[in-house]
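The listed protein sequences correspond, in order, to chains A and B.
The opening position of the first sequence corresponds to residue 53 in my numbering, with each subsequent residue numbered one higher.
The opening position of the second sequence corresponds to residue 33 in my numbering, with each subsequent residue numbered one higher.
Treat the hints with care, as some may be off.
[Claimed, not checked] Coverage of chain A stretches by chain B, computed from C-beta distances (three or more under 8 Å per stretch; other residues unrestricted):
hint	segment
1	66-74
2	139-147
3	162-176
Keep in mind the hints are simulated off the structure, nothing from the lab.
Note that the structure is a prediction, hence the values are computed from the model and not measured.
Here a beta-carbon is modelled for each residue, glycine too, at the ideal position from N, C-alpha and C.
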Amino acid sequence: MVPSSELVARVQAGEPAAIARLISRAEQGAPEARDALTRIYKLAGLAEIIGITGVPGSGKSTLVAKLTEKLRANGVKVGVIAIDPSSPYSGGAILGDRIRMAELAGDPGVYIRSMATHGASGGLAHAALEAADILDVAGFGTIIVETVGVGQDEVEIVKASHTTVVVSAPGLGDEVQAIKAGILEIADIHVVSKCDRSDANRTVVELKQMLTLGSKAKDAKPPWQPPVIGTSAVSGDGFDALLEAIERHRATAAGGPLGRERRLAIAQFRLKKTAETMLLRRFADDFAQDGAALARRLTCRETDPYSVAAEFLEQTTFCESHGARHEPDGRSKIA
Amino acid sequence: MASPIRILLAKVGLDGHDRGVKVVARALRDAGMDVIYSGLHRTPDEVVTAAIQEDVDVLGVSLLSGVQMTVFPKIFARLKQEGANDMIVVAGGVMPDEDVVALKKMGVSEVLLQDTPPEKIVSRLRELVAQRGAR
Numbered sequence: 053m054v055p056s057s058e059l060v061a062r063v064q065a066g067e068p069a070a071i072a073r074l075i076s077r078a079e080q081g082a083p084e085a086r087d088a089l090t091r092i093y094k095l096a097g098l099a100e101i102i103g104i105t106g107v108p109g110s111g112k113s114t115l116v117a118k119l120t121e122k123l124r125a126n127g128v129k130v131g132v133i134a135i136d137p138s139s140p141y142s143g144g145a146i147l148g149d150r151i152r153m154a155e156l157a158g159d160p161g162v163y164i165r166s167m168a169t170h171g172a173s174g175g176l177a178h179a180a181l182e183a184a185d186i187l188d189v190a191g192f193g194t195i196i197v198e199t200v201g202v203g204q205d206e207v208e209i210v211k212a213s214h215t216t217v218v219v220s221a222p223g224l225g226d227e228v229q230a231i232k233a234g235i236l237e238i239a240d241i242h243v244v245s246k247c248d249r250s251d252a253n254r255t256v257v258e259l260k261q262m263l264t265l266g267s268k269a270k271d272a273k274p275p276w277q278p279p280v281i282g283t284s285a286v287s288g289d290g291f292d293a294l295l296e297a298i299e300r301h302r303a304t305a306a307g308g309p310l311g312r313e314r315r316l317a318i319a320q321f322r323l324k325k326t327a328e329t330m331l332l333r334r335f336a337d338d339f340a341q342d343g344a345a346l347a348r349r350l351t352c353r354e355t356d357p358y359s360v361a362a363e364f365l366e367q368t369t370f371c372e373s374h375g376a377r378h379e380p381d382g383r384s385k386i387a
Numbered sequence: 033m034a035s036p037i038r039i040l041l042a043k044v045g046l047d048g049h050d051r052g053v054k055v056v057a058r059a060l061r062d063a064g065m066d067v068i069y070s071g072l073h074r075t076p077d078e079v080v081t082a083a084i085q086e087d088v089d090v091l092g093v094s095l096l097s098g099v100q101m102t103v104f105p106k107i108f109a110r111l112k113q114e115g116a117n118d119m120i121v122v123a124g125g126v127m128p129d130e131d132v133v134a135l136k137k138m139g140v141s142e143v144l145l146q147d148t149p150p151e152k153i154v155s156r157l158r159e160l161v162a163q164r165g166a167r
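Hey, can you work out the whole structure from these sequences and the hints?
This is the structure we're talking about:
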């Protein structure tokens, strides 16, 4: 087994096999990889991250493929992280996003990695952000993160990308209304896909109308108004406009308060996710050890779950054992 | 925390028969594996590139068109070129007995013919990954 720390230099050199292996280690959450990922985090931060989200079947993968082609034509190296759901029953997954990205397969300037959610909620996979950092360090200038097909409140992508594109498909009619309190709110750019269909224009109009409803009358002028762009993978229409809108959003955000707020939100989200993961792992370990014994006291109803849970949490330190101090005050805040 | 076995299932060349590969994909998913499907009409180079980027444990190539003796040498040449010597390569589909022998000599870890029950495929893949060990 190659130590993860040795992989970092090879990732910096852009070696595909090293990139691939380090992403796997991040996905496995191997403690051995932590130092390597620490170094990766510090080296990363150069790439522009574009999030693509939308309901299942809205055409996210196709859009990613077309967008990647455009970016490649401009000479940008593109990393793609394509997330598909794991089965809630078997834990397995069928990751089919590559099927729509066939034309990119032979291009060494494109790196595609499929990830399964493995029980993560929110539309992203556990190590999606680590994978983005690794591709960043490997020299991919733009990283496209494609979420699972989302429903209403899987909005994590907005806290993981510099520009979020929400894809809607025509013909879903009332669905536009139904999801307007959910993912539509997070869009920096709206795309209506499949615009070769006759009912697409209606969806564009509906979206535009919905956006005017939300505008705050008192605000002088918001720094960014989400545009609505129609695209068609069949005719190729709209992708130049989309790329231009992404560039415009990047330029608006860069250096301004919009960009600063976004970068802080991204860092805060990353911190929260990392802390949660550490907490849950520790919790799972401790619970695996003591859970059965504690539960036994419940079965004869000599005590109650509230008292036992409180007692269990008292005993758990919730921090990583090495070098961490046990602080009772900090613990109650986390709980 | 053991992570699921990752496998790329690929269709190479002009072969358009994808019913079998989809049945296998479903069976492996139901066995808890992460299955990446390439889609139809890939080249050996594309398949190897994808397998490396995805860091799969197993590269499974489904062929029902009789071109296995052309495709697999190209796959192994490319794997060698990329230094991916720890990739487990498995063949599936319809192929004559003498080709099975030749493929195994070439480095194919297992040839799963069309009458292999899904549970046999699952258990064989698990065996092969366990034999390879951690990487």
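Tested hints:
Only when three residues or more bring their CB closer than 8 Å to a CB of chain B does the claim for the segment 66-74 of chain A stand; here the count is 5, and the claim holds. Coverage of a stretch by a chain is defined here by at least three residues with a beta carbon nearer than 8 Å to that chain's beta carbons; for the segment 139-147 of chain A and chain B the count is 8, and the condition holds. As drawn, the segment 162-176 of chain A meets chain B at 6 residues by the rule of a beta-carbon pair under 8 Å; at three or more, the given contact holds.
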